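Trainee: Read off the chains here:
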Amino acid sequence: MSPKQKKWLARIVVALVLFVGVMIFTHFAPLEEWLGSRQAAVWAEFALFLIPYLIAGYDVLWEAARNIGRGQVFDENFLMSIATIGAFAMVLFPDSDPHMAEGAAVMLFYQVGELFQSYAVGKSRKSISDMMDIAPEFATIERDGVLEEVDPDEVPVGSIIVVKPGERIPLDGTIIEGASQLDTAALTGESIPRDVEPGSDVISGCVNLSGVIRVKTSKPYGESTVARILELVENAAEKKARTENFITRFARYYTPIVTGAALLIAVVPPLAGMGTWSDWVLRGLTFLVVSCPCALVISVPLSFFGGIGGASKLGILVKGSNYLELLSKVDTVVFDKTGTLTSGTFDVVAIHPETGIDPQWLLSHAAHAEAFSNHPIAVSLREAYKGEIDPKRVLDAQEQSGHGVRAVVNERVVLVGNDKLMAQHGAAWQDCDVTGTVLHVCVDGEYAGHIVIADIVKPDAKRTISQLHDAGVKQCVMLTGDRLDVAKAVGKDLGMDDVRAQLLPQDKVSAVEELLAKQAEDGKLAFVGDGINDAPVLTRADVGIAMGAMGSDAAIEAADIVLMDDKPSNISKAILIARHTMRIVWQNIVFALGVKIAILILAAVGIANMWLAVFGDVGVAVLAILNAMRAMNVSKYRD
Amino acid sequence: MRKSFKLQDLDCANCAAKMEDAIAKIDGVDKATVSFMTQKLTLVADDSRFNDIVDEAQRICAKYEPDCVILR
Chain E
24 MSPKQKKWLA RIVVALVLFV GVMIFTHFAP LEEWLGSRQA AVWAEFALFL
74 IPYLIAGYDV LWEAARNIGR GQVFDENFLM SIATIGAFAM VLFPDSDPHM
124 AEGAAVMLFY QVGELFQSYA VGKSRKSISD MMDIAPEFAT IERDGVLEEV
174 DPDEVPVGSI IVVKPGERIP LDGTIIEGAS QLDTAALTGE SIPRDVEPGS
224 DVISGCVNLS GVIRVKTSKP YGESTVARIL ELVENAAEKK ARTENFITRF
274 ARYYTPIVTG AALLIAVVPP LAGMGTWSDW VLRGLTFLVV SCPCALVISV
324 PLSFFGGIGG ASKLGILVKG SNYLELLSKV DTVVFDKTGT LTSGTFDVVA
374 IHPETGIDPQ WLLSHAAHAE AFSNHPIAVS LREAYKGEID PKRVLDAQEQ
424 SGHGVRAVVN ERVVLVGNDK LMAQHGAAWQ DCDVTGTVLH VCVDGEYAGH
474 IVIADIVKPD AKRTISQLHD AGVKQCVMLT GDRLDVAKAV GKDLGMDDVR
524 AQLLPQDKVS AVEELLAKQA EDGKLAFVGD GINDAPVLTR ADVGIAMGAM
574 GSDAAIEAAD IVLMDDKPSN ISKAILIARH TMRIVWQNIV FALGVKIAIL
624 ILAAVGIANM WLAVFGDVGV AVLAILNAMR AMNVSKYRD
Chain L
25 MRKSFKLQDL DCANCAAKME DAIAKIDGVD KATVSFMTQK LTLVADDSRF
75 NDIVDEAQRI CAKYEPDCVI LR
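Those protein sequence lines, which keep their order, are chains E and L.
Heads up: take any position in the first sequence, counting from 1, add 23, and you land on this note's numbering.
Heads up: take any position in the second sequence, counting from 1, add 24, and you land on this note's numbering.
What the hints contain is simulated information worked out from the structure, not anything from laboratory work.
On a predicted model such as this, the values are computed, not experimentally measured, just so you know.
Accuracy of the hints is not assured; some may be wrong.
Said to hold, decoys possible - Part of the chain L face toward chain E, derived, beta carbon under 7 Å: (1) R26; (2) A37; (3) N38; (4) A41; (5) M61; (6) T66.
Even glycine gets a Cβ: it sits at the ideal position worked out from N, Cα and C.
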């Protein structure tokens with residue numbers, strides 16, 4: 024509790040004790056005998072109840088008075104003041120029972136509710152900011168052999184920093200000396216430490232566990248992973264969900280309508296001769312007690328905030344409440360195969376040279392042609408080719424997106440790619456019956472053979488698809504640039520509903536657009552990619568999910584939801600968290616509105632009194648907030 | 025220009041929504057967000073009038089919540 028809240032609490036406790044004391048005293052003490060008349064006894068009670076009332080609510084009254092000056096009539100302080108002053112003023116109606124106790128109680132419980140709200144909101148704010156407490160406080164930089172602690176912001180790119188065990192890595196970079204284990208839990212939710220050694224890229228925000236490492240920084244602090252993640256999470260509250268906007272709009276009408284209704288109820292029936300003034304005025308005052316929509320206005324954003332915070336604990340970064348809301352409605356998930364469902368590390372599984380050609384010669388030419396490409400296929404070719412790659416032997420390498428590469432190796436024109444590339448250049452290629460990606464190689468216009476490369480499916484990919492189906496996702500679609508038979512084999516193994524193969528990067532956008540057009544009205548489409556080459560698709564889908572984003576700027580930029588880890592099972596977790604959050608949001612909306620409307624009806628017909636109204640109002644707010652705080656708890660989604 | 029400000033003593037969620045609404049209507053403001061949860065005001069507004077706009081926003085905040093201060 025903050026000092027302000029502690030004072031507040033003390034005030035409420037004092038007022039509460041006095042209130043109970045006055046209640047007991049007025050109930051048992053024979054005031055009427057002592058003071059001589061019934062009227063005098065009532066006025067004595069009035070004065071006694073005024074003490075706890077003023078102690079509890081003087082600030083509310085003061086705020087209300089100030090607000091009248093500014094024309095803020097529909098302010099909750101003002102409404103609460105009117106309701107309670109009105110209750111005290113009932114003493115002026117000699118025909119009704121006094122209502123001072125109710126007036127004081129309403130103010131007291133209103134304050135209890137307010138204090139609780141402030142405490143609960145502060146607490147969830149803190150637990151979320153603790154969760155995001157990944158910002159490094161300092162960086163240890165080495166200058167001329169001397170170690171110096173500086174602000175991470177001041178470290179230039181290319182500096183050498185030293186990170187001791189137990190310290191947080193302040194900036195992204197590459198290890199140049201020392202081996203250690205890194206705790207990436209704060210970023211990815213993954214509890215198993217990661218081994219790193221010289222040459223490994225390290226990411227800011229991870230905690231160094233075992234050994235001293237020296238890191239050459241590759242980015243300034245402002246562009247480092249940790250700074251970008253913090254910025255992303257902090258800005259998430261800006262993008263409000265439709266439900267949130269609906270509630271604020273609703274609140275804008277709710278208070279004036281209820282206040283207006285209160286006025287009508289207090290004035291019209293007695294004028295029409297339907298009963299005493301005191302009875303109807305009291306009913307009107309009861310209306311005012313439930314006229315504040317606070318329970319809703321606080322609990323809905325709090326639920327979203329909790330859901331986003333909870334998801335970030337598992338390494339799932341959601342860029343706004345609106346995306347969490349959309350994600351909960353997803354019924355079609357489109358996956359990019361490579362790097363998402365499969366690890367993206369390809370292995371050469373077969374080399375089939377044409378007769379008279381040496382397999383190593385074939386592999387060597389293919390590996391050289393792919394010498395400059397970063398495509399996973401190129402990387403695996405180079406890995407399979409054990410020998411040194413001499414870049415001087417390669418000239419004029421051109422990548423032909425979606426087809427392959429063309430390069431001059433040892434003064435021979437080498438084409439490496441799929442059947443489309445071969446067809447384009449008129450090479451007589453042969454099919455292969457091994458499942459995998461087939462790379463045809465053509466040297467100087469002659470078909471030289473092919474190399475088959477297979478991708479490894481991630482261990483939890485299959486489980487993810489079945490979890491998604493269990494969660495009610497109707498369609499899982501896989502998009503890939505691979506050959507149809509390879510794609511079908513993988514798709515069948517994983518339990519995909521649909522597979523689109525042999526797509527060029529631009530075809531993926533049209534495939535997603537086609538699926539979007541087929542979507543049901545309220546169903547949403549999510550696209551999951553690894554953020555490499557699929558930014559347009561990520562933007563086009565209702566929800567773009569990028570995975571394996573540790574350190575990938577493009578992915579963090581383009582996606583709506585970023586999975587720090589590269590495990591597909593995080594997708595189903597994200598959807599479950601989104602659903603869980605939305606369930607809580609709707610529970611709160613229905614519950615809070617239901618209780619308020621019930622109280623309004625009961626008050627209008629004269630069944631509910633002010634006691635019930637204030638318990639209803641404060642109770643609903645407290646329960647809604649407690650319920651909203653459940654959104655933060657994501658421990659059941661952990662593996 | 026886009027800038028975020030911390031809001032001190034923003035205690036009422038309903039007021040935050042009202043502030044957001046009123047600040048968004050200031051001349052020269054493209055987008056205004058008041059987040060009760062993060063206690064932040066984010067303004068996207070005209071560069072030339074930015075300071076005046078922040079002053080104006082401060083007056084609006086004080087209107088709904090007298091203690092609420094925009095920290096700049």
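Trainee: Confirm or reject each hint.
Mentor: Evaluated hints:
Here the hint on R26(L) is broken, as its CB sits about 10 Å from the closest CB of chain E, past 7 Å. Below 7 Å, beta-carbon pairs count as interface contacts, and A37(L) has one with chain E at about 4 Å; its hint therefore holds. For N38(L), the shortest C-beta to C-beta distance to chain E is roughly 5 Å, which falls under 7 Å, so the interface hint holds. For the restraint placing A41(L) at the interface with chain E, the shortest Cβ-Cβ distance is roughly 4 Å, inside the 7 Å limit, so the hint holds.
Checking M61(L) against chain E: minimum C-beta separation of about 4 Å stays under 7 Å; hint holds. Against a cut-off of 7 Å between C-beta atoms, the interface hint on T66(L) holds, since the closest Cβ of chain E lies about 5 Å away.
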